[in-house]
Structures are given as C-alpha cells and as structure tokens.
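Below, each chain spelled out in residue letters.
There are 2 protein chains.
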Amino acid sequence: MKIVVIGGGPAGLGAAGAALGVNPSAKMDVYTEFEDVAYSPCGIPFVHGKEIESFEKLFLATKQQYQDQGINVHYTTSVESIDTRGHTIKVRGGAKVSYDRLVIGSGWNYADTGLDRHGLKGIYEVKNIRRAMEWDKYLDTVKDAVIVECGPIALEMVSALVHRGIKTTVVDPGPWPMAGVVDPDIIAPVRKDWEAAGVTTMWGERVTAFGGNGTLTHVDTTAGRIPAQLAIIGTRKVSNNALAKAAGIELGSTGGIVIDSHMRTSARDVFAAGDCTEIPHGVTNVPLQGLSGSHAYAQGKAAGMNAAGGNREYQPVYVPWAMLAGEWMIGGISFGETSAAAIGIKFVSGVANGITRARYFPGVKPITVKLLADPATHRLIGAQMVGGEGVKERADFLGVAIRAGITIDELANMENVYSPAIGALNEPINMAALEVMKKF
Amino acid sequence: MKIVVIGGGPAGLGAAGAALGVNPSAKMDVYTEFEDVAYSPCGIPFVHGKEIESFEKLFLATKQQYQDQGINVHYTTSVESIDTRGHTIKVRGGAKVSYDRLVIGSGWNYADTGLDRHGLKGIYEVKNIRRAMEWDKYLDTVKDAVIVECGPIALEMVSALVHRGIKTTVVDPGPWPMAGVVDPDIIAPVRKDWEAAGVTTMWGERVTAFGGNGTLTHVDTTAGRIPAQLAIIGTRKVSNNALAKAAGIELGSTGGIVIDSHMRTSARDVFAAGDCTEIPHGVTNVPLQGLSGSHAYAQGKAAGMNAAGGNREYQPVYVPWAMLAGEWMIGGISFGETSAAAIGIKFVSGVANGITRARYFPGVKPITVKLLADPATHRLIGAQMVGGEGVKERADFLGVAIRAGITIDELANMENVYSPAIGALNEPINMAALEVMKKF
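For the protein sequence lines, the chains are P and V, in the order given.
Position 175, counted from 1, in the first sequence is what UniProt numbering calls 175; the numbers after and before it change by one each time, with no gaps.
Position 372, counted from 1, in the second sequence is what UniProt numbering calls 372; the numbers after and before it change by one each time, with no gaps.
Hints listed in this document are in silico derivations from the structure and should not be mistaken for laboratory results.
None of the values given here were measured: they were computed from a predicted structure.
Among the clues, some could well be false.
Note that identical chains are pooled: a pair holds if it fits in a single copy or bridges any two copies.
[To be verified] The calculated EDC-like cross-link candidates involving lysine to aspartate or glutamate, where the alpha carbons are at most 20 Å apart (straight line), are: (1) Lys365 - Glu389; (2) Lys127 - Asp100; (3) Lys121 - Glu134; (4) Lys63 - Glu80; (5) Lys365 - Glu53; (6) Lys50 - Asp136; (7) Lys143 - Asp374.
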C-alpha cells in the first residue's frame with residue numbers, strides 16, 4: 001500500500017508513524033515545503049525570550065531517524081495539486097506521485113490582516129524555525145515592536161519581547177487579549193504584569209497601515225502612529241486549505257476541511273488531520289478550527305491508522321487548553337463566561353481563589369478556578385483558570401470530566417490529595433464546584 | 001441546639017465550622033486535650049527538615065478567630081467518657097457537659113510497637129506541634145537516628161534527617177517503604193536517592209529493643225545493634241477509639257468507629273469523622289482506616305452538617321494520595337499492582353515514562369504513570385505515580401475518574417494540553433492508558 005502524507009507537522013508525522021504501526025509494509029512518503037520536520041514550533045517564542053538557549057534544542061529527531069522508521073520525507077518539496085480521481089498528487093517540478101491513500105496535514109496560516117506590507121522587512125509571522133533563527137538576529141536590532149492582534153503565539157511573544165528589553169505595544173480589536181477564549185478576570189493578572197513591565201496596550205483598536213522605507217519604521221493604528229521596527233502578526237489561525245479547495249474537497253463554515261469521525265474527507269481515500277480541518281465541539285456540535293498541536297497529533301494518528309486500514313474513531317473535542325502568559329499559566333476547557341454568553345449557552349458559574357500547596361510551603365502559588373455548569377443537568381460545560389502551577393494538569397482533568405459528563409455535584413464531592421509540599425487542604429476545583437452548587 | 005465536638009484536628013474543626021454553617025445559632029463547644037487547634041501537623045517534618053523556617057508558620061488561625069466564629073474551644077481539656085444515653089460527656093476534672101449532638105473526631109495514634117521504651121528519652125512519635133518544637137532542639141544533638149517502620153510521616157522524616165545531616169537507618173518489616181501502598185518500581189527512584197544520601201535501609205527486619213541509660217543510645221534489630229540517639233516511630237495509624245469503645249459505640253474490623261453514609265455512629269445523636277472512623281473503599285467495599293487530612297476534613301464537614309440538621313452524604317472513598325518523598329513526588333489512587341494482587345483483584349496494568357514539559361523546556365521533570373484496569377469492564381481501578389511535578393493534580397484527576405467509572409478506553413482517547421512550558425505533547429496518563437489497551 002502506498003500512503004502519501006502532505007505536511008510535516010504533528011498531524012502529518014503523527015499520521016505517518018501511526019499508519020506504519022498498523023501496516024508496517026506500507027510505502028510511506030511525506031511531502032513538506034519546508035527544510036525540516038519534527039521540531040517543536042511551539043518552543044519558538046521561548047527561544048526568542050531566551051528561556052530556551054537555542055533553536056537546535058527544538059528539534060525532536062534527526063532526518064535519519066525518520067528514514068530508519070521507513071518514513072521517506074521529501075523536504076522543500078511543495079505539493080502543487082491533488083487529483084483525487086486519478087489518486088495522484090503533483091509535486092514541485094511537475095512530477096506526479098500516485099497514492100492508494102492520501103493524508104492531508106497542510107496546517108494553518110495566520111489570517112490575512114488585509115494590510116499591504118509594501119515588501120517591508122520587519123513584519124514577522126512566528127511559525128517556521130529557519131525563519132525564526134533569522135528573525136532572532138533581527139530582534140537584537142529592534143527597539144520598538146507592535147503586536148498586530150494578540151492571539152496565543154503573539155501573547156507568548158509579548159513575554160519574549162519584554163525579556164529582550166524591546167518596548168512593546170499590543171494593538172488588538174478585542175476588549176482584552178484572546179477575548180474569544182479567555183474571560184477578563186482570568187487574564188487580569190497577566191495584564192497587570194504587562195503594565196508593570198511597561199507594555200502598552202490598545203484594546204478595541206486596529207493596525208491600519210505598515211510604514212517604512214525598506215524596513216518597517218512605524219505602524220498606523222486607529223489610535224495613532226506607533227514607532228516600530230518589528231510587527232508580530234498574531235491574527236487567528238486559518239486553515240491552509242488551498243490544495244484541498246482546488247481539488248474540490250469539501251470545506252466547512254470555518255474554511256477547514258470537513259472530515260467524518262474517521263478523518264475521511266469528501267474525497268475517496270483522502271484523509272485529513274490537524275489545523276487544516278474542522279472538528280465538531282462536544283458541547284455545541286459547532287465546528288472548530290485551529291486547535292492545539294496535541295489535537296493535530298492525535299488527529300494525525302487517527303487519520304494515519306485509518307488510512308492504513310485501521311478503524312480509529314476521533315471524537316468531538318472539548319478543548320482543554322493552557323499556556324504560559326508571562327509569569328502566569330492560563331487555561332481552561334470549552335467555554336468561559338464570555339464565550340458561553342456570546343453563543344447563548346445557559347450556564348451557572350462559580351469561582352474559587354485557591355492555592356497550590358500549603359500556604360506556608362515554599363513555592364506556593366495562587367490559582368483561580370472558574371467552573372461553568374448547565375443549570376438543568378448540573379453537568380460541567382466549561383472552565384477557566386489562572387495560576388502559578390498545575391493549570392495544565394487541571395485542564396486535562398476537566399477535559400476528561402466534561403467529556404464523561406461529570407456533574408458539578410460530583411466535583412463538589414471529590415476527594416483530593418492534601419500534602420503541604422504539593423497540594424492545599426482545599427482543592428480549588430472542589431472549592432469552585434461548591435461555589436457553583438450555591439447558585440443552583 | 002447544643003453541639004459538642006471531641007477533637008481539634010481537621011475532622012473536629014471541619015465539623016464545628018460546617019455545623020455553624022447549617023445552624024448559626026447552635027452552641028458549639030470543641031474539646032481538645034492539646035494546647036492548640038488549627039495548625040498543620042502535616043508540615044512538621046518539613047520544619048524539622050528546614051524547608052519551612054518555623055513551627056509558627058504552621059498555625060492557620062488564632063484562638064480569637066475561632067471565638068469570633070462562635071466556636072468555643074476548650075484547650076488541654078481531655079474528655080474522659082461519653083454517656084450516650086444521658087447525652088453527656090465527662091471532661092477532665094469530672095465536669096459533665098450535655099449535648100444534643102456529639103461529633104467524635106478523636107483521631108489516630110501510632111500502632112503500638114510492642115516494645116518497652118524503658119522511659120528513654122529519644123523515642124519520637126511525630127504528631128503534636130508543641131512536642132515537635134521541643135524535639136527540634138533535640139534533633140540538633142543527634143548523630144544517628146533509626147526509623148522504626150517507614151510509614152508516610154516517617155518517610156518524610158527520612159528527608160528531614162538527611163537535610164539535618166543525621167545518619168539515618170530505616171528498619172522496616174516490609175520489602176520496601178510503604179509496601180502496602182506503593183509498588184516497588186514507583187518507590188525505586190526514592191530508594192536510589194536515599195542510597196546516594198547515605199541512608200542505610202534494612203528491609204524485612206524489625207526493631208526488637210530500645211537501649212540506653214536515660215537517653216536512647218541504640219536499638220537492637222533482627223539484623224543486629226544500631227547506634228541511635230533518636231528513634232522515629234513510623235508504625236501505621238490506628239484509630240484513637242478508646243472513648244468510643246468505652247461508651248459502647250460500635251467499632252469495625254480495623255478498630256475504626258463504624259459510621260453510616262451520614263457519619264452517624266451506632267449511638268443516637270453521635271457522629272464521628274476522620275481517622276478514628278473507618279470508611280468503605282469504593283472498589284472493594286472493604287473498610288479503610290487512617291486516610292489523609294483532606295479526608296478527615298471532608299468527613300468532619302459532612303458530620304458537622306448532619307449533626308446540625310443537614311443532609312450530607314459521604315461516599316465510599318477511592319483515596320487519591322500523593323506526597324513528597326525526598327526529591328520525588330509519589331502518589332496514586334486505590335490500588336497498585338502489589339496491593340491489588342495481595343487482595344486478589346484481577347487487573348491489567350500499563351506503565352508509561354513521560355515528561356512534564358517539553359523535553360527542551362527548563363524545569364522539565366520525568367513522571368511515571370501506572371494505570372490498573374479491570375480486564376472485564378475496562379474501568380480504571382488503581383494508579384501509581386512517581387515524578388517531579390504534577391503528581392497531586394493527576395492523583396486528584398484519577399480519583400474523580402475512578403469514582404465516575406471512567407474506562408481506560410476513555411483515558412486512551414483523552415484530549416490533552418500541549419504547551420512546551422507546562423506540558424508535554426504526550427500526556428503520561430494518556431500514554432499509560434494506551435499501554436493498558438495493548439494488553440486487553
């Protein structure tokens with residue numbers, strides 16, 4: 001069996017590895033337009049911020065290791081078209097490659113800002129590691145930077161720029177950073193730290209033009225001109241769907257490739273996974289696009305297994321998420337109060353301000369947990385958190401809880417570990433559940 | 001309504017506070033034989049180890065604060081007997097105190113070693129904060145110490161003694177520390193660190209005599225004599241059931257006070273909570289005694305609410321647990337392979353060696369997760385972990401999962417957060433579930 005994968009990110013490589021797990025004798029070819037596969041792009045902001053010493057650290061495996069696994073990676077070989085009837089793809093240079101099964105893992109792009117870049121140097125979309133290596137040198141020359149919409153990667157870049165001593169202005173059309181995802185009370189401590197660090201923020205404003213002469217010198221915004229030698233594009237992720245679209249493969253309302261529960265696209269023998277697709281939300285059934293690397297990887301594995309003849313279901317998502325935001329960790333599952341209200345979901349919420357260890361134990365950190373529940377069924381429908389440690393683990397926990405249909409009552413009656421060095425007498429999830437219970 | 005509480009630990013104070021929450025006009029009297037209430041005894045080993053700078057830090061509230069809450073605490077006032085028919089208790093000095101409802105939170109003692117102490121100074125049961133303050137000075141004079149059975153508190157004391165530069169020998173009849181709770185592979189890294197720190201361990205051996213002249217100078221063991229100016233008693237917790245027993249209140253097979261789902265004892269209007277009771281295990285229904293401070297506190301709250309006229313059920317326990325063990329955190333839920341095998345529970349297990357952040361991110365720690373599942377239903381029945389961070393949060397997570405009847409299949413399909421600074425691409429719980437799945 002000849003399996004072809006388009007894309008060398010977590011979806012594509014997850015698919016390639018999992019397909020060979022199911023069918024070790026499959027011929028496996030991966031095509032990527034880039035020079036590398038198997039590095040961690042999520043680490044890039046932290047190398048820019050000098051938390052991680054070098055870009056080399058982000059590479060996960062050598063090219064030889066893929067070869068040894070039976071994965072034939074074609075580097076800097078972009079795919080130009082897919083012929084779903086002929087079961088072939090055309091690669092750069094015009095060569096046709098046939099497949100029995102195709103997995104599209106073409107990933108995402110930053111949403112277009114709609115602004116003319118005038119060919120100016122200094123406008124940075126954080127994504128590719130080789131470009132990041134070059135940009136890192138440029139960062140040494142930058143005094144003033146502007147964030148053009150403050151999505152998650154841009155939010156991480158704010159910390160990196162602060163660490164580099166670069167004067168930073170955030171310009172975002174929303175009322176606070178990542179306003180579609182995070183509630184204002186949850187992001188508040190991050191904003192306070194930004195303020196203390198001298199970050200300028202302009203909420204409800206937009207960048208209207210890039211200006212300069214060869215190199216960026218300023219941006220114009222709805223609130224005036226800002227000097228900037230660097231603009232970080234932080235617009236939302238959109239599906240890199242061009243190939244699929246041209247091939248007549250069905251796209252959904254988000255622009256993501258439509259897939260079924262087995263990652264099959266509308267075209268026979270063509271699967272898709274990762275940020276190029278859209279996936280239904282477990283609570284609302286509304287399609288989502290642009291999730292995390294772990295989602296892309298899990299979807300890739302499911303697509304690869306199925307492409308190779310397996311039978312792996314991929315279920316609707318509840319999207320546990322968490323990230324570093326300056327000195328804080330923020331995270332949650334599914335909905336916050338803002339997003340639930342925006343789409344008209346009825347909810348009751350409760351907030352608890354807890355701590356992560358005994359109050360007297362060194363390293364104790366605050367953690368705020370907000371839980372949202374369905375007032376009729378008492379089921380958990382969302383959560384938001386901000387704290388100093390243990391946010392990712394609690395997000396994973398609540399992700400499993402929401403998928404399993406666990407109720408607030410169950411969380412209000414949960415047992416919890418108490419040991420001064422590692423956990424407080426009162427678990428904040430339990431405390432928040434007790435707060436919700438008061439409102440039923 | 002006149003509510004009397006015996007005991008000033010987490011069960012007793014949890015009961016007092018929760019009872020007043022239900023019935024703010026109740027007259028609330030708490031009797032304790034000790035000088036203090038509302039400190040964290042769990043912190044004592046860490047003050048001895050100098051991780052925490054002073055015993056004063058362990059106090060949670062002032063005596064005035066309890067008074068202000070309407071809780072009348074009678075210090076150094078031991079209760080001598082309970083008359084369940086007359087609805088009275090007799091306190092030190094012979095005074096009778098009547099009650100409408102009584103909550104017994106008399107706690108635990110270390111199981112008797114059966115050894116004659118000959119009135120020797122140097123034999124330390126870590127429990128009370130005032131005694132700990134005195135013992136801390138004695139620790140400065142100690143060169144050699146012996147651990148007489150290595151229960152959880154004694155295990156924490158090993159680290160404290162190492163930090164104090166005291167040559168320590170652990171003597172335990174089991175094959176490894178806490179052998180009834182933790183699997184050998186989980187405790188292995190802790191033992192390795194002990195070895196590196198010069199701790200001597202004698203497994204499968206017993207202390208047979210304490211020796212000295214006024215002060216301890218040595219202990220005799222089944223493997224010979226050990227010089228020791230200090231012996232730490234680390235035998236298991238047993239119910240401090242003397243009062244209840246003398247009052248004719250029913251005790252169970254563990255010696256713990258038998259309670260129903262509403263913390264009622266066999267005596268009318270008498271409730272009990274915490275380590276003096278026994279509670280059925282959620283998987284086996286076998287009664288357990290001697291759980292954690294958070295269990296005592298939760299049971300106390302339930303007992304207090306019910307004593308005051310509320311209706312709060314306390315359910316069988318699945319016992320998430322976790323603790324610091326030297327540089328490691330160990331933890332789990334319900335059963336490990338050793339304890340499951342010992343009581344004849346059928347299980348399939350899977351182990352994953354994961355990491356807590358991206359492998360290149362500063363502060364990344366290893367974490368091993370072992371999951372046990374019922375081969376017939378695929379339900380989670382136990383877990384064991386050892387790692388450098390995130391063990392308590394995962395134990396809480398798995399505690400809720402086991403109570404909710406979540407299957408390994410669900411954990412194998414869980415979503416997880418990936419963000420380099422706070423979590424790895426592969427969540428170790430998910431990896432361990434995938435390992436179990438291979439064995440079904």
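Hint check results:
no. : hint            : in the structure
1   : Lys365 - Glu389 : both (7 Å within a copy, 14 Å between copies)
2   : Lys127 - Asp100 : neither (31 Å within a copy, 69 Å between copies)
3   : Lys121 - Glu134 : within (12 Å within a copy, 69 Å between copies)
4   : Lys63 - Glu80   : neither (24 Å within a copy, 76 Å between copies)
5   : Lys365 - Glu53  : between (26 Å within a copy, 18 Å between copies)
6   : Lys50 - Asp136  : within (10 Å within a copy, 43 Å between copies)
7   : Lys143 - Asp374 : neither (49 Å within a copy, 60 Å between copies)
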